[in-house]
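Top line first, the protein sequences correspond to chains A and B.
Counting in UniProt numbering, the first sequence runs from 1 upward without gaps.
Counting in UniProt numbering, the second sequence runs from 1 upward without gaps.
Just so you know, the hints here were simulated from the structure itself, not pulled from any lab data.
Keep in mind it's a predicted model, so treat the numbers as computed, not measured.
Keep in mind that a hint or two might mislead.
Looking from chain A toward chain B, a few residues come up when the C-beta cut is under 7 angstroms (computed) [as the list claims (entries may be wrong)]:
no., residue
1, Ala3
2, Ser4
3, Ala6
4, Leu7
5, Leu11
6, Gln13
7, Cys33
8, Gly44
9, Leu62
10, Tyr106
11, Glu111
12, Pro179
13, Pro181
All residues carry an ideal CB built from backbone N, CA and C; glycine is no exception.
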Amino acid sequence: MPASPALLHDLRQRLSQIERGLGEAAFPPVPLCPALDRHLPEHGLARGALHDVLAADPGAALGFCAVVLGRLETPTLWIAPEADAVWPAGLQSLGLCISQLILVRYRRPAEGLWAMEEALRSPGIGGAVLQTSHLDLIAARRLQLAAEATGNIGLLLRPATEARNPSNAVTRWQAASLPNPQAAPHWQWNLLRSRGGQPTPWQVTCAPGGVLQAHAP
Amino acid sequence: MSRRYLALSLPLLPLDRLRRLDPSLLDRPLASWAIQGPRRQLVAADAPGLVPGQTVADAQAIQPDLVLFPADPAEDAALLERLALWAMRFTPLVAVDRTEGLLLDATGATALLGGEEQFVVAVTSRFRQDGFRLRAAMASIAGAAAALARESRQDRIVPPGQERDAIAPLPLIALRLPPDMIRSLGRMGLHRIGQLCRQPRGPLARRFGRVLMDALDHATGDRPQPLQPVRPVATFQAVRHCLEPIITRPAIDQAVEALLAEICRALLEASRGARRLTLRAFRVDHRVQEITIGTGAPTRDAAHLVRLFAGKLDQLEPDLGFERLTMDAHSTDILDGLQASMARRDGASAADTAALTELLDRLEQRVAVYRMLPLESHWPEYAAAPATPHEQIVLPPDWGNETRPVRLLAEPLALAVTAELPDGTPVQLRYGSRLHRVLYCIGPERLEPEWWGHDAARPSRDYFRVQTAEGPRLWICRLGEPNVLPPRWFLHGYLA
Chain A
1 MPASPALLHD
11 LRQRLSQIER
21 GLGEAAFPPV
31 PLCPALDRHL
41 PEHGLARGAL
51 HDVLAADPGA
61 ALGFCAVVLG
71 RLETPTLWIA
81 PEADAVWPAG
91 LQSLGLCISQ
101 LILVRYRRPA
111 EGLWAMEEAL
121 RSPGIGGAVL
131 QTSHLDLIAA
141 RRLQLAAEAT
151 GNIGLLLRPA
161 TEARNPSNAV
171 TRWQAASLPN
181 PQAAPHWQWN
191 LLRSRGGQPT
201 PWQVTCAPGG
211 VLQAHAP
Chain B
1 MSRRYLALSL
11 PLLPLDRLRR
21 LDPSLLDRPL
31 ASWAIQGPRR
41 QLVAADAPGL
51 VPGQTVADAQ
61 AIQPDLVLFP
71 ADPAEDAALL
81 ERLALWAMRF
91 TPLVAVDRTE
101 GLLLDATGAT
111 ALLGGEEQFV
121 VAVTSRFRQD
131 GFRLRAAMAS
141 IAGAAAALAR
151 ESRQDRIVPP
161 GQERDAIAPL
171 PLIALRLPPD
181 MIRSLGRMGL
191 HRIGQLCRQP
201 RGPLARRFGR
211 VLMDALDHAT
221 GDRPQPLQPV
231 RPVATFQAVR
241 HCLEPIITRP
251 AIDQAVEALL
261 AEICRALLEA
271 SRGARRLTLR
281 AFRVDHRVQE
291 ITIGTGAPTR
301 DAAHLVRLFA
311 GKLDQLEPDL
321 GFERLTMDAH
331 STDILDGLQA
341 SMARRDGASA
351 ADTAALTELL
361 DRLEQRVAVY
371 RMLPLESHWP
381 EYAAAPATPH
391 EQIVLPPDWG
401 NETRPVRLLA
411 EPLALAVTAE
421 LPDGTPVQLR
431 YGSRLHRVLY
441 CIGPERLEPE
451 WWGHDAARPS
461 RDYFRVQTAE
471 GPRLWICRLG
481 EPNVLPPRWF
491 LHGYLA
């Protein structure tokens, strides 16, 4: 007797939760836009997980992180080595409100990792961005475990040259800009890796307030 | 009950410091000198026949094997402050008295050691054991105690109310008056404090001014001088004395936990929460190490405070061990108890806010944490300024509606721009080794400097939103400098 699609779907869901060590407690994913949500196995960007963002272009990668953090509607942390890593006046139009954003500046890479782990372990925030150049798999695994405990979403913003290094993040994106006559946000989001899903390139436009529209070319 | 002060006078402190550093100097004549005007004079001397103020040449003639060191007042002052901190083990109120004395407010502290006599013996014997020579005097007036300590032959305890009689026979030098004034008073036949007290005040004040009157009133207690403690007295304090000096990290951790638990109990009883806590570790060699933490919101959660201290305890250097640890809460705010069920009334937000505050406290111990405060200014870099992360942010209306970059460079990059016309739109731009062709260009958006601000003289800026053929959108600006041709261009930020 063939199993019904609903039963299969339910079983897959439970298996993926067990694989990620989440047990029965699932966190609702962060919705991006209908087209992207249908494509992603979690029907959105999974909470309680790490996501890799590779910056082919600084503006596009910052835009990706800002849009995701803006959807959380909780206090969020932006952990970066420079003081001028982000400019909040530009994030407002992407949906990330200045009152929800707390910035952290670290000097040594180890301090940045520590701050990210503390942030992911805290129930007081919804998500955090760590801007870093290199991250080894053990450190990434620690962060993943920290995120699983609280359901916080962790974004690792790294340079595009890191694409050749392996990652244990749930998804890996590469963000680049596409030309736009209005000089308004228009991005190429390459989903390079997705646990339980298909890698696909996406073209995304962002309307004021962080409303996304995506289509696969 | 009157106050009781213990004054310690350490006139040989500079020499004791040298002898502690080099024990081979212990039984040799020793002096330190400094240049005073054209001559080298002794400032402290410990040898028969030598007094401070002699010239170095005279001193060497009297004592041929005299060991001489240049005086180091800064080092002496630092040592005196260290001793003052260490003396806080006897009483919480300790002050440094000029350059060679300490003043301890012993009110209420003497009973702990069995009485005034035992208190004085306990304090002086600890100093003497460690090679500091000193005189002590206890009295109800700080100034009188200090004068007695300086000029008495042995340690004295003056019962309350008898200070005037006790200081009457002391020479005027005990008041630390300038030498010229002592000489002028001597010419009038006034050599002792008692004689001075019997004189009418009016003529003395007219002749010698405020300095003499102040010194006299401080000594007699008519106008007592307030004590300036080395560290302010904390409202909440917890103390641990260690039977054996503690050296290991687990022992220190345990002591800190116990101290914090005690402080938090006291805070709970007073309905207050700590904003700033200082851990003082008294080492056996009279050094005191301090670690201070601050919190963003008043707290009395011992587990949270232990975590805040945990990161900083690495700075302690136990060396031979700590014999005493104290925890002070100097800054506290009212913190009313919240019933768990009441706090949960507005959803889970109260618990989350507390968790966020604790997270920020932990992060602030190691990294810089800040929020950006929106400001009402059209000048791009003044649109937001860093503020503490606990700041409540109120968004001004219409703030952030202009198109601004997601990253604004703190130091704009100089650009080499090719334009069709000198004041036209750019066609191609280069920064570093990167070359970008311009596809579309939106602008200019002209911004004039704020004429009411301090940079009213800066040139105006023309901003362009540039779409490059390669993809990146850049926010570039042309300076409106009237006499500069071709105009200067800068890359100021990256647009999303």
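Check: Any hints this thing doesn't respect? Which numbers, in order?
Finding: 1, 2, 3, 4, 5, 6, 7 and 8
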